[in-house]
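*Asks:* Letter by letter, the chains look like this.
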Amino acid sequence: MSAPILVLVEHADGEPDRLSLEALAFGASLGADVEAVLVGPGSADAASRLGGRGVARAHVIEDARLDAYAPAGYAAALGAVVDARSPSAVLAPGSDRGTEVLAHLAARTGLPMAANVVSVEPGESWRIVRQRWAGSLLEDATLDAPIRLMTVAPHVVEAPEAAAGPVPEVVTHAVDLSDADLVVRVTGQEAPESGRVSLTDAKVVIGGGRGVGSGEQFAVLEELAALMGAAVGGSRVATSLGWRPHSDQIGQTGLRIAPELYIACGISGAIQHIVGCKAAKRILAINTDPDSPIMAVADYAVIGDLHAILPAITAEVRRRQG
Amino acid sequence: MNILVCVKRVPATGGRIVLTPDGQEIDTRYLGFTISPHEECGVEEAARIVETHGGSSAVLTLGPAAAEEQLRDAMAIGIDRAILLETDGREYDPIATATAITAVIRDQEAANGPFDLVLFGNEAADTGDFQVGIRVAVALGRPVVNGVKGITLTDGSVTARREAPGGGWETYALPLPAVLGVKEGLNLPRYPSVPGRLRAKRKEVERVAPAWSQTGPIKLGLRVPEQQGAQVEILGRGPDAAPAVVDLLERIGALGS
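Chains as they are written, first to last, in the numbering used here: chain A, 4 to 325; chain B, 11 to 267.
FYI, nobody ran anything at the bench for these hints, they're computed from the structure.
A couple of the hints might just be wrong.
[As the list claims (entries may be wrong)] Straight-line alpha carbon distances no greater than 25 Å define the calculated SDA-like cross-link-like pairs of lysine to any residue that follow:
hint, chain 1, residue 1, chain 2, residue 2
1, A, Lys281, B, Leu232
2, B, Lys229, A, Thr112
3, A, Lys281, A, Ser122
4, B, Lys159, B, Arg58
5, A, Lys206, B, Pro249
6, A, Lys284, A, Val200
7, B, Lys159, A, Ala15
8, B, Lys159, A, Ala183
[Said to hold, decoys possible] Per the computed footprint, the stretches of chain A lying under chain B, defined by three or more beta-carbons under 8 Å from a beta-carbon of chain B, are:
hint, stretch
9, 101 to 108
10, 144 to 157
11, 256 to 263
Because the structure is a prediction, the values reported are computed rather than measured.
Using N, Cα and C, we set each Cβ at its ideal position, and we do this for glycine too.
Just need the whole structure built from these sequences, with the hints factored in.
*Replies:* Structure below.
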């Protein structure tokens, strides 16, 4: 029996999250047994939702001291499963927390870690391809260590719909935690603004760039978005000029989105922006310049001034919705 | 308050990235260089904290001799002193980088007293390794949190604010000394003034030779990903294109049932 591959699965309200399901699918493609690791409250519930995803076992650590997320404490928990299972590799989703926990494990063990891997060929020496510049460049590399630590780049594989299949065997673990593991933990939370549509969950995202012209003029984007439950974001120009809060930035130093449709309005398409939106299923560019770089990645385009085009689209949607 | 901010010199890429013929590096002949964006905010924050709370600030980078330019940029907006871990241009992997930075922090602290706060960028724009700050913090036995977009200092502790998974914000309270990985959005960095630039030009840069090691990942080469070859379909020009756009929205079910 060859060594398994462990995959850290993030979850909320008893449901595994999308990037973690992608990481499981990525792990399953590597030809070893995949075992999930779930830490924190709701882990057992989330483990029971992993049926039909090729997960042989789910390791669960529910410890009251880890009720609040604690990066080092989570790494200690993951480390306990690593010690118990001697995996060939540990994968984590390339999310803020997944990356942070795996980096802690790497630091504690002295093992190398590769972030945002897009493909892996296990062998005598493990060949990997990983993203640099948030995916504007790819690096071919080798990663050789007793245990290979890798985060899986978001949206390089699809998380398949769960098929009917056996629910993984659940194994619960206890973990030794030191005081130092629990010093850094979430001590306060602020709920998202009510009624706000999340850029990472929305089916349609409307983004605005320099061509919008000002913060106030985002109103034409907001109006169309409100009609269809879409989220509104901005390019780095829009957030640097204070037209949108930084948390709405789509791009290398902001969010990576993967909606069904991304409508890029007045955005020329610098590579730093493209890496944030290229996982969208379809891109519609609305731009005065038919030669702008965004056209190279767009599936559809409307040429012209967004300030005339967006209100016309809004009016047409209203007309059809009666 | 004594603060150290660690930065990286990266090429200022705008359009398409071009590689050298051997595929080992970005062709930077026609590019300028900058401080990696998250770390620009780290520099600004360090300057603001010292302006508000007093104390002193230092900037550190591991890079080639030319990275002196980024250290002077940081001093031009108000960082007091600079340390260059001068390489021969080879790329240091995350473990080698963290080991060298940890060693220099220990030496600096033995000579000048402890840093209350060490700031890193969440990840460097170029290599995107997401781990150097955490490795340094763990080696020093200090608390660390990444992704920080808000810093509040009170007596002996720091409150760090970052975006929570699924929206909203979460906060962490860390005792000092601490390490933070910061993200763009923390602040809007200022432009250096002319007197600031002149002052920075006259300051000494302390040089240290970092030890080299290689654990991995070991780079074989770089390549530009193939662009999805989709041909763009022009739906129309101006407001007249609205019906075609709404047809598309209906087709993908964006308007609900």
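*Asks:* The structure should be examined with respect to each hint, and the outcome stated for every one.
*Replies:* Hints, one by one, checked against the model:
no. : hint                : result
1   : Lys281/A - Leu232/B : holds (20 Å)
2   : Lys229/B - Thr112/A : holds (22 Å)
3   : Lys281/A - Ser122/A : holds (18 Å)
4   : Lys159/B - Arg58/B  : holds (14 Å)
5   : Lys206/A - Pro249/B : holds (24 Å)
6   : Lys284/A - Val200/A : holds (19 Å)
7   : Lys159/B - Ala15/A  : holds (23 Å)
8   : Lys159/B - Ala183/A : holds (23 Å)
9   : 101 to 108          : holds (count 4)
10  : 144 to 157          : holds (count 6)
11  : 256 to 263          : holds (count 3)
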